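Same order as they appear, the protein sequences are chains A and U. Residues 3 to 594 (the working numbering) make up the first sequence, in order. Residues 379 to 770 (the working numbering) make up the second sequence, in order.
Some hints could be false.
As the list claims (entries may be wrong) - Okay, derived cross-link-like pairs now, BS3-like style, lysine-lysine, Cα gap no bigger than 30 Å in a straight line:
1) K401/U - K714/U
2) K599/U - K567/U
3) K386/A - K466/U
4) K466/U - K592/A
No wet-lab data here; the hints were simulated from the structure. Since the model is a prediction, treat every value here as computed from it, not as a measurement.
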Amino acid sequence: MTAIDTSHDHHDEGSFLDRKGMGLWSTIWDWATTVDHKKIGIMYLFAVLTMFFIGGVAGLAIRAELLEPMRTSADGATTGVMINFGSPVQDPDTGEMIRDYTVTPNAAGNTFNRMFTLHGAVMVFMFIVPAVPASLGNFFLPIMIGAKDVAFPKLNLFSWYIYVTGSLFGVIGLILGGADTGWTFYTPYSIQTDADFWRVTLMVMAAFILGFSSILTGLNFVVTVHKLRAPGVGWFDMPLFIWAMYATSIIQVLATPVIGITLLLLVFERLFRIGIFDPSLGGDAVLYQHFFWFYSHPVVYVMILPGMGIISELLAVHGRKHIFGYRAIAFSSLGIAAVSFLVWGHHLFTAMSPLASMVFSALTFLVAIPTAIKVFNWIATLYKASIALNTPMLYALGFLFLFSIGGLTGLPLATLATDLHLHDSYFVVAHFHYVMMGGTVIAFIGGLHHWWPKMFGRMYNERVGIIAFALVFIGFNVTFFTQFFLGTQGMPRRYASYVDEFQIYHQISTYGSWVLGLGFMLHLGNFIHSLLAGPKAPPNPWGGLSLEWETESPPCAHNFHHEPLIKHGPYDFETVVPPHCSEQDFPLPKQH
Amino acid sequence: MMQEAADTAQAATEAVDPLAAFKDPAISLIEQSEQFDHAGGPVEELFFRTAGQNETAVFTDSLFLLTLWFSVFFFVLLMGLMVYWVIKYRRRPGVPAEVSPSHNGPLEILWTVVPSSSMIIMFLLGFQGYMQKTVAPADAIQLQVEGQKWDWNIRYPGGEQSAYFTSLGTKINAVKIFVLPEDTPIQLKMTSKDVIHSFWIPDYRTKMDLYPNRYTTITFKTEKLNAGEAYRDHWVFCAEYCGDLHSQMFGVLRVVSRENYDKILQDWNTGNLSPEAHGEVLFKSNCVSCHSVDGSNNIGPTWKNLYGYERPISGGTSVVADDTYILESIWNPTKKIVAGYEGQNMTNFAHLTQEEVSAIIAYMKTLSDKGGAAEDAPVEGENEESQESTGG
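All chains should be built: construct the whole structure from the sequences, respecting the hints.
Laid out in structure tokens, this is it:
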């Protein structure tokens, strides 16, 4: 009951990765000018993983600085004394010169501030937002709906170049010394700081340019889903990953222009003093925050919805179970997308009027409900399933654990009285890392393992994958769970130094970050090993039913040799033997 | 270094000072907080260490804990089911998944309604607590809070400003102590002089942002002191990122008896002080976080031997630090920046009146060899000055 019949293969197409005898330069030129969504997806994958690495190193550096309550200088000043900003001074008692550090004024603090700005900006704008849609989405969205490519292939390549240009702006800003504004670029600080330098402007321009890449990808996906579904793929025959990508794309298209305009205004304010956000020129600093979060809250769902889509696929395929409440999950994706535009104010509870705060608090609780429904549905999917505990499935289960914590700790932040205490504390830091990293990144890594054989035609080492998962899972919890206690006890965000009583939690958190980093490095090694020496992947190693498993691994240049005919839904595991698989490996239950 | 200087300055007056106990006491805030009521059970202890210090804070804590136990219940339920099913239904070769329904109407309605109704309760309680923290009772004392990089200032109703500060061990320069009367509702009316700051008092479980060009308010009631307790200190942290020394923008709220509160405010009243003494008070409440008076370097140039000396100005020129130069440097600091301090961007202190600036100048004169006669020029001091400037 497979959808395509490969015995009548008239096209003699090799895999899309096949170099067809081309030399090195021809191959590079071929990739650089490709309009194949699969190659673009892989180029995006390498780009976002590079950015994840840079952002991750910055994150580890932040944690390393916070081992000690006092600021340390980048070149290793001793601990326990306040760093001396300037030249040596004479000790009044002994007459000797003390605290002889060759630190320029404020170097240590600025390094820390630039580091967390770098970490935030890179992770948000250059990694998490494009991570899943632009890499896995680009690669699999057309295949999963039976299309040959996205609707606008050249636009797709263009968006990759925009992404690279934007990232280069960020990297140049970084080489020039980096910005110290925080990734949120709050005014008036972002207008005043570093006034003689271009690096803040470069960082803001980077985010501005990256927005266009995001809009074009979103636009492409919306049109592709509407117009290019293969015959027989109705809206409710689409895998839930596609629903999630569709909801994500709508947010990207609608919200990103707002941040574009806002960031452009910010650059104008810095360069020309136009007086929109700068109070000393009659501007309004709160206005900036409204503009900023009008994009940046919906974009939280741009980050998490694709992750949720991946989880639906992983649980269904590796649990061999029809996803519980398919329509509820599909509609809750759209519901989340719609409500996400109405909750930005919860970032401003310490800045708004009581009436506005009340309204936004209520709306924020509203967005929690579709999210809760999704989690219930996922757990219910496990009931009477056949669960393979491989790396993708472990990541899916890890997602449910971490994302539940992330979601539940959002409740005291939506509650006004508790938010006035927890706002801008480490509680918030822990909360959004549980959602963004415990949610999106965990889902992304899980999805990467799930689709890796399909993308590259090679299997990864399952045992190493599981060990690395364990390291990531444990390291993540040790790093971030401690930060909930820091937050409630009174530790503010973005502090380079802190009072002694918080040290033990910071130490545990930093040790956790090392385990976390180790886990990711192990995954990286596993992937590299797979590319070089991994065993060849069969077309359908997991017994999946969605269309990407019908074609070979890696897929041919046009995805399918024939236009696929749809004879079953993506989750009909109870009635359909998966393509390229035997019933012996994936037995069907007895029907009543 | 700076606090040492400040300590010596204080030491002279402390000998017969009845208020000495309130000035930079030896006991640290951490040790002191150990004497507070503890937060309760082990979970409360882990999250809060010490109990909320007023009714609103206690309400907030119980709301937090209510949400926490609600969350723990659902989390354990969900994860318990997950782990149980993962073990029970783990894949066995040749064994298919059992047939099961793919949706269940009543169940789905149930798990929509239960969280929804719980959230209505959380929302309402949260709003109730929020109103307690933002709407001040009519009898509240209103204090003006001003934030600037990287210091807090509070002006009391009579115009008094804090002149006490604590060094908190050796770690942080000159954290200001603000006294508050016990068992009294307080309203803070806040604004910022430069960028956004946020006034967070973890012990009262509340915070509010400060903006340039607008006022924001928060309100809280101070706690009652125990019998025999002279005062109780609470941290104030800046919670909104504001630049380089954001993580040292601290303050201490010191709750004292009403009687002592009045005495200390009298001590801080500058009306009957000599210009020099008034200048010193202004120095402590405005300048001490960036400038030293003992020749040591800080964010800004030291004030020792500043008045009357020739100052090297960024760009190669120099200027003699006379009254006009100092006035300009206070009201419009970026006009002439001392060489070596280009990156520091001192915020302007235009709110200081001419009389206050004159008092500061009078105080500066006491710190300078040339305070009395600006025409002398000791060569030794000149060298020292230029060394520090280039090093800074």
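Hints versus structure:
With a CA separation close to 36 Å, the supplied pair K401/U and K714/U exceeds the 30 Å bound. With a C-alpha separation of about 15 Å, the suggested pair K599/U and K567/U falls inside the 30 Å cut-off, and the hint holds. Annotation: proposed proximity of K386/A to K466/U holds, straight-line Cα distance about 8 Å (limit 30 Å). As the CA atoms of K466/U and K592/A are separated by approximately 19 Å, the hinted pair is consistent with the 30 Å bound.
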